[in-house]
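Build out the structure end to end from the sequences listed, making use of the hints.
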Amino acid sequence: MQQSNRLRPFFENITFDRADNEMILNFGPQHPSAHGQLRLMLHMQQEQITKAHPDIGYLHRGMEKMAENMIYNEFMPTTDRMDYIASSSNNYGFALAVEKLIGLDVPRRAKVIRMMLLETNRLMSHLFWLATTALDIGAMTVFLFAFREREYLMDLIEDYCGARLTHSAVRIGGVPLDLPDNFIPDLRKFLDKLPENIKDYEDLLDSNRIWLMRMENVGVISTEMALSWGCSGVMLRASGVEWDIRKEEPYELYDEVEFSVPVSDKGDNYARYKLYMAEMRESSKILYQVLDMYEGTQPALMAHAPQYISAPKLDIMTQNYSLMQHFVLVTQGMRPPVGEVYIPTESPKGELGYYINSQGDAYPYRLKLRAPSFWHTGILTDLLPGHYIPDVVSIIGTTNIVFGEVDR
Amino acid sequence: MRAYTPKDNVQKKPYYTDRYWVAPQVAKHEVSSDAVFARDLEAISAKFTVLEAYIQVDQMVVIINAEDNFGVIELMKNSLEYNQLSELSAIDWLAAEGKFEIFYQMLSMSKRKRVRIKCKIDEKESIQSVEKLFRSADWSEREMYDMFGIVINNHPFMKRILMPDDWEGFPLRKTYPLQGDEFASWYEVDKIFGKEAREIIGPENRDPARVDRYDTERFARLGHEVPRGADISQGEPDTPLVYQESEGVFLIEKFDAEKSVVISDRDR
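Protein sequences, first through last, are from chains Z and H.
Under this note's numbering, residues 1 to 408 are what the first sequence spells out, in order.
Under this note's numbering, residues 1 to 268 are what the second sequence spells out, in order.
Simulated from the structure, these hints should not be mistaken for laboratory data.
There may be inaccurate statements among the hints.
Unchecked claim - Calculated pairs, DSSO-like style, for lysine-lysine (alpha carbon to alpha carbon, straight line, at most 27 Å):
1. Z:LYS100 x H:LYS28
2. H:LYS111 x Z:LYS247
3. H:LYS77 x Z:LYS247
Right, dumping it as structure tokens:
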């Protein structure tokens with residue numbers, strides 16, 4: 001059935017016999033350090049890159065199109081599949097955007113639980129980043145260490161919502177569940193041990209000669225370049241811009257907790273590595289404060305807005321009108337007011353924004369997902385030229401791109 | 001008779017609408033209610049025509065003419081301290097008014113303000129690239145072209161970004177079906193095996209829940225197992241289910257709950 005002449009590789013506008021002795025290297029899409037399905041077309045003079053074309057779209061699932069054909073609550077599990085390393089932060093961004101559209105206020109306990117989820121997700125994401133980047137560079141031990149710690153956090157999340165990777169642990173209007181009994185003591189145990197763990201990683205990496213050679217003064221992003229390319233998160237802060245959405249445009253309880261925003265003006269791989277380590281410490285600082293906030297909150301978990309949010313289970317089972325409303329909200333979906341919002345949140349990767357245009361229907365008229373990794377991949381076009389082949393691996397590593405998010 | 005579906009919008013429709021229901025609006029506030037936005041708007045309207053401006057959910061929305069897009073964004077970047085273009089995309093209003101709406105989401109870090117610049121263009125109209133001002137527009141404009149077919153003038157590398165280069169149709173238009181169109185269903189077959197293999201392979205089915213009951217070539221049988229490729233169109237043989245484990249699995253001892261150790265407290 002298969003004809004041998006059909007499956008010939010297809011190279012777009014590329015010739016291999018060039019007079020100027022330039023070689024073209026296809027890096028990916030199946031390269032283990034490409035963090036998913038990234039194809040880089042690299043023009044090379046010997047080992048040096050002269051031109052780079054990132055080629056994306058191998059994981060494109062058309063999430064924006066899917067969103068236009070789903071009711072709002074139905075889309076929530078799909079957001080898990082964007083940045084699947086820290087899926088609660090995607091859930092949260094979407095829930096927050098819809099809540100802003102409706103004009104909803106969330107009960108305090110739900111806010112506290114969301115803060116815990118967001119920060120544990122940040123820790124998970126940063127640990128995962130450290131593990132894979134260190135592995136790409138050859139530090140196997142760090143990979144095993146960081147994955148061990150991440151495993152504890154995944155167990156914690158599993159205790160909370162039953163899922164390890166695709167959490168869907170946030171609902172529009174609150175959170176679905178209260179914390180299980182063991183959650184707070186277990187998280188506290190983990191946090192007590194985390195500084196030792198971070199110190200272990202730093203002892204292994206900070207002054208490691210190979211690590212320094214691969215990281216220092218490699219992949220330097222200037223402030224202008226980072227701003228112009230729409231960089232956010234660590235990519236921006238490593239280039240000397242002090243901008244953290246949690247601090248500057250606080251949402252949830254970030255204005256009540258105390259934390260600092262680590263910044264560096266070096267802009268190289270090593271600066272980004274240091275910032276990730278510092279952010280883990282800040283996250284644990286936030287988590288300690290949030291753990292104390294949990295006590296003394298009222299038990300309500302979902303906002304009271306019968307037009308948009310189903311009533312609590314007790315009401316649904318005992319009151320006829322609540323049951324009817326629940327039925328309508330599940331089968332037809334909520335209908336937010338006519339209008340549009342763009343809500344940015346600080347996900348572990350950077351600025352994760354949801355633009356929603358609602359026409360008063362049960363389906364969003366247009367939903368645009370602003371995923372930070374998209375621009376952090378784009379910047380490779382300008383960043384890679386001048387570097388050498390081994391640098392590509394460490395630069396892709398520190399950009400911390402996730403392809404579920406780039407391609408959506 | 002088959003229900004009529006409008007061809008200019010094939011998106012999913014709610015199956016029930018209350019004809020007395022009036023959709024509420026997200027509040028729009030006067031720009032003058034915020035001093036920073038009011039000053040910015042004044043600077044913009046001094047040089048360009050502003051069709052409408054308001055504040056919605058703490059962000060200013062400015063609607064301008066499409067030909068002013070480069071000028072307005074240049075002014076915002078150079079004089080008004082809006083130093084990042086966080087997002088840029090389009091909305092398909094072709095069914096309602098035959099136009100695309102393009103929005104530029106901008107951020108000023110020094111003022112901690114976000115502004116959305118919007119303009120409308122006709123279906124066949126093209127728009128000026130802002131890539132010279134913000135490099136981030138390079139990829140977002142390519143994505144906009146890829147998804148909506150809006151052509152960008154003066155773009156350095158106007159190519160599709162997410163879809164394959166030889167794709168036909170623009171997926172985010174309201175006329176594009178969710179499961180893909182005719183072209184999409186044959187794309188991989190044509191590309192890999194050639195058009196002549198169409199009859200053998202058949203179109204790609206994008207319904208993830210579809211299982212062909214009589215296809216014994218590609219699917220494991222549910223229920224009764226039959227040899228691969230067996231013809232079951234006349235009914236399938238009655239095969240009793242036999243579990244390999246009923247006699248105990250080779251090399252694996254039977255699990256004894258009495259002897260097992262339960263680790264109740266893990267050292268986190």
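Hints, one by one, checked against the model:
no.: 1; hint: Z:LYS100 x H:LYS28; in the structure: holds, 13 Å
no.: 2; hint: H:LYS111 x Z:LYS247; in the structure: holds, 14 Å
no.: 3; hint: H:LYS77 x Z:LYS247; in the structure: holds, 23 Å
When held up to the earlier numbered hints, the structure conflicts with none and fits them all.
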